[in-house]
Amino acid sequence: MVVDSPEINDAVTRDLGLTYPVLADPALATIDAYGLRHPGGHDGHDIARSASVLIDGEGVVRWTAVGDNFRLRPRPAAILAAVDALPDMVPRPPR
Amino acid sequence: MRGDEASGCNWAAVLGPVLCVAGVAGYFVVVFRWAAALPGVRDWAFPNWIVIAAGLALSAVGVRRVRVRGRILARVLATISVAITAGFAWILYVLPALPPAVGPTVGAPAPDFALSAPDGRTVRLADFRGGPLLLVFYRGHW
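Going down the list, the protein sequences come from chains F and G.
Per numbering that gives the first Met the number 0, residue 0 is the first one in the first sequence, and the count goes up by one each step.
Per numbering that gives the first Met the number 0, residue 0 is the first one in the second sequence, and the count goes up by one each step.
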């Protein structure tokens with residue numbers, strides 16, 4: 000998710016060969032809903048702060064990585080560990 | 000200790016800023032070439048700081064080594080070493096610093112969204128029911 004337009008994201012997706020959708024949030028609506036706006040973050044324009052949010056199959060936030068230095072991002076191993084720690088999504092029979 | 004001065008070349012004073020430059024340049028080589036293979040170096044720059052510390056130490060030795068001749072040059076070179084070190088610290092820790100934020104609350108329902116994907120379709124949170132879903136917020140294309 001990024002403030003850039005779908006056209007820019009389309010070009011970047013092809014350039015980098017990305018296999019996941021890059022969503023455009025030029026109005027920062029979702030970025031604000033998640034509390035991740037960085038005011039004046041790029042040449043005076045507001046952008047998203049770098050962050051990762053893991054959501055389970057029922058739409059509940061289960062893990063976040065909201066750092067205070069945009070150079071430092073969660074490593075893939077940390078993300079996979081958070082996914083592995085998600086509760087089992089298979090419905091359990093009532094006791 | 001006075002041998003270098005007598006021979007006319009204060010190697011410690013010269014090598015100090017050279018090592019500082021090498022430490023900083025090496026960091027950017029890692030970032031742009033081997034970031035995926037060396038994430039620890041990319042994040043914390045340990046080897047680079049060791050090289051830079053050695054450069055600062057050499058600069059200090061270079062300043063102490065001269066008494067009169069070459070003193071100004073040694074101090075200028077040492078100042079360059081300090082400036083390079085300060086600039087590197089600024090790039091790593093000051094420039095990328097973000098204001099405090101907490102982000103979404105763990106355990107709370109994720110805010111809904113409906114956003115455009117590159118192919119023009121609208122993607123919603125509900126599309127990922129059954130998930131899991133990893134949302135990554137980018138500043139741009141990095």
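Simulated from the structure, these hints should not be mistaken for laboratory data.
Incorrect hints may appear among the rest.
Stated by the list, open to error - Computed footprint of chain G on chain F, listed as stretches where at least three residues anywhere in the stretch have a Cβ under 8 Å from a Cβ of chain G:
| # | segment |
| --- | --- |
| 1 | 20–27 |
| 2 | 30–44 |
| 3 | 52–62 |
What the hints assert, rightly or not - A few chain G residues that don't get close to chain F, going by computed Cβ distances all over 10 Å:
| # | residue |
| --- | --- |
| 4 | Leu55 |
| 5 | Ile71 |
| 6 | Arg74 |
| 7 | Ala82 |
| 8 | Phe87 |
| 9 | Pro99 |
| 10 | Arg128 |
| 11 | Gly129 |
As the list claims (entries may be wrong) - If you want a taste of the chain G side facing chain F, the calculated C-beta under 8 Å gives, among others:
| # | residue |
| --- | --- |
| 12 | Trp10 |
| 13 | Leu14 |
| 14 | Ala52 |
| 15 | Ala53 |
| 16 | Ala56 |
| 17 | Leu97 |
| 18 | Val101 |
| 19 | Gly102 |
| 20 | Gly106 |
| 21 | Pro110 |
| 22 | Leu124 |
| 23 | Pro131 |
| 24 | Phe136 |
| 25 | Tyr137 |
| 26 | Arg138 |
| 27 | His140 |
In this text, a Cβ means the ideal position worked out from N, Cα and C, and glycines have one as well.
Grab the minimum C-beta distance from Leu14 of chain G to chain F and call the hint holds if it beats 8 Å, violated otherwise.
Cβ of Leu14 of chain G sits 29 Å from chain F, so the hint is violated.
Cut-off 8 Å, C-beta pairs, minimum 3 residues; does the coverage of the segment 30–44 of chain F by chain G stand?
Check passed, 9 qualifying residues.
Is the Cβ of Arg128 of chain G farther than 10 Å from every Cβ of chain F?
At about 6 Å from chain F, Arg128 of chain G fails to clear the 10 Å cut-off, so the statement is violated.
Hint status (Cβ of Gly102 of chain G to nearest Cβ of chain F, threshold 8 Å):
At about 4 Å, which falls below the 8 Å cut-off, the nearest Cβ of chain F leaves the hint on Gly102 of chain G intact, so it holds.
Using Cβ atoms only, decide whether Tyr137 of chain G comes closer than 8 Å to chain F, and label the hint accordingly.
4 Å, holds
Confirm or reject the statement that Ala82 of chain G sits farther than 10 Å, beta carbon to beta carbon, from all of chain F.
At roughly 21 Å from the nearest Cβ of chain F, Ala82 of chain G sits farther out than 10 Å, so the non-interface label holds.
Could you check if Val101 of chain G really has its C-beta closer than 8 Å to a C-beta on chain F?
6 Å, holds
At a Cβ distance under 8 Å, does chain G reach at least three residues of the segment 20–27 of chain F?
Result for this restraint: holds, n = 5.
Does the CB of Leu97 of chain G sit less than 8 Å away from some CB of chain F?
5 Å, holds
Have a go at the Phe136 of chain G hint: is there a Cβ in chain F nearer than 8 Å to its own Cβ?
Phe136 of chain G check passes; min Cβ-Cβ to chain F is 4 Å, inside 8 Å.
Checking a non-interface call: every C-beta of chain F should be farther than 10 Å from the C-beta of Phe87 of chain G. Is that right?
It holds; Phe87 of chain G is separated from chain F by about 12 Å at its closest Cβ, greater than 10 Å.
Restraint check, 8 Å cut-off on beta carbons, for Pro110 of chain G near chain F
4 Å, holds
In terms of the numbered hints stated before, the structure departs from hints 9, 10, 11, 12, 13, 14, 15, 16, listed from lowest to highest.
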